[in-house]
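Novice: This is what each chain is made of:
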Amino acid sequence: MSFQEKSAWGSLIAIGLIAYWFFPAAFDVAGSSNDPADLLVLSIGCIIGLVIVEAVYQSIIAAKGSAESDERDALINLRAERNSGWALAIGLFWLVGHIVAMSAFDATEPMGAMLIAVWILFALTVSEFAKLASQIWYYRVDAA
Amino acid sequence: MSKTNVKNNIRTLRFQRNEMTQQQLADQVGVTRQTIVAIEKEKYSPSLEAAFKIAAALGEPLDAVFHYEL
Numbered sequence: 001m002s003f004q005e006k007s008a009w010g011s012l013i014a015i016g017l018i019a020y021w022f023f024p025a026a027f028d029v030a031g032s033s034n035d036p037a038d039l040l041v042l043s044i045g046c047i048i049g050l051v052i053v054e055a056v057y058q059s060i061i062a063a064k065g066s067a068e069s070d071e072r073d074a075l076i077n078l079r080a081e082r083n084s085g086w087a088l089a090i091g092l093f094w095l096v097g098h099i100v101a102m103s104a105f106d107a108t109e110p111m112g113a114m115l116i117a118v119w120i121l122f123a124l125t126v127s128e129f130a131k132l133a134s135q136i137w138y139y140r141v142d143a144a
Numbered sequence: 145m146s147k148t149n150v151k152n153n154i155r156t157l158r159f160q161r162n163e164m165t166q167q168q169l170a171d172q173v174g175v176t177r178q179t180i181v182a183i184e185k186e187k188y189s190p191s192l193e194a195a196f197k198i199a200a201a202l203g204e205p206l207d208a209v210f211h212y213e214l
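Residue numbers (our numbering), protein chains in the order written: chain A, 1 to 144; chain B, 145 to 214.
Read the hints as simulated data drawn from the structure, not as lab findings.
Treat the hints with care, since some could be wrong.
Taking lysine-lysine and the BS3-like style, the derived pairs with C-alpha atoms no more than 27 Å apart in a straight line are [as the list claims (entries may be wrong)]: (1) A:64 to B:151; (2) B:147 to B:187; (3) A:6 to B:185; (4) B:187 to B:151; (5) B:147 to B:185; (6) A:64 to B:147; (7) B:147 to B:197; (8) B:185 to B:197; (9) B:197 to B:187.
Some but not every residue of chain B turned toward chain A, in silico, with C-beta under 7 Å [claimed, not checked]: (10) 175; (11) 189; (12) 195; (13) 196.
Quick caveat, the model's predicted, so the values are computed rather than measured.
Ideal Cβ placement from N, Cα and C applies to all residues, glycine included.
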């Protein structure tokens, strides 16, 4: 397994675990609290946690082998970025459609700004997840 | 990625060159071993530059290493 593939696996697991913990808490805060500081503290805590986990993991795998990438890594990265872009576009269009539909048909309780922010973060996370999963898929298909 | 139409004799030529390993070839070409594996299995078509480097590392002209099948 190359450095790039190990790196993608590590990032996928780290993002998956942090998202699994972050989003239930964030949707809860966005639904119950009107203070944006609560969401900000939660988000900053997660970003710091993710950076620390990623830095430690990437240093460990870089120390064990070469971190160089080549033309095939670049191609796989581009294809993964394309898939990630699709995931983000679908997520954001779904959110916009949902907001428009809510205001058109059910104006009793419009979506709050904090909830919209959490959904945008969720779409960004899903797109990153799609990128990493695509990278792993392309590496595995070539290796099989 | 699916199989490409660019076929190659890299595996045979490696063994004719003192059983050159995939890692040795990768080091000479400047790519990872996994890329050499993918090229040998015809799952990845190398760039023209990488193809020339592979041919040079194997001491063969380009058309002795790679050919295109319709």
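Novice: Are the hints correct? Go through all of them and say.
Specialist: Outcome of the hint check:
no.	hint	verdict
1	A:64 to B:151	violated (34 Å)
2	B:147 to B:187	holds (5 Å)
3	A:6 to B:185	holds (21 Å)
4	B:187 to B:151	holds (10 Å)
5	B:147 to B:185	holds (8 Å)
6	A:64 to B:147	violated (31 Å)
7	B:147 to B:197	holds (22 Å)
8	B:185 to B:197	holds (18 Å)
9	B:197 to B:187	holds (18 Å)
10	175	holds (4 Å)
11	189	violated (10 Å)
12	195	violated (11 Å)
13	196	violated (13 Å)
The structure fails hints 1, 6, 11, 12 and 13 (numbered hints given earlier, in ascending order).
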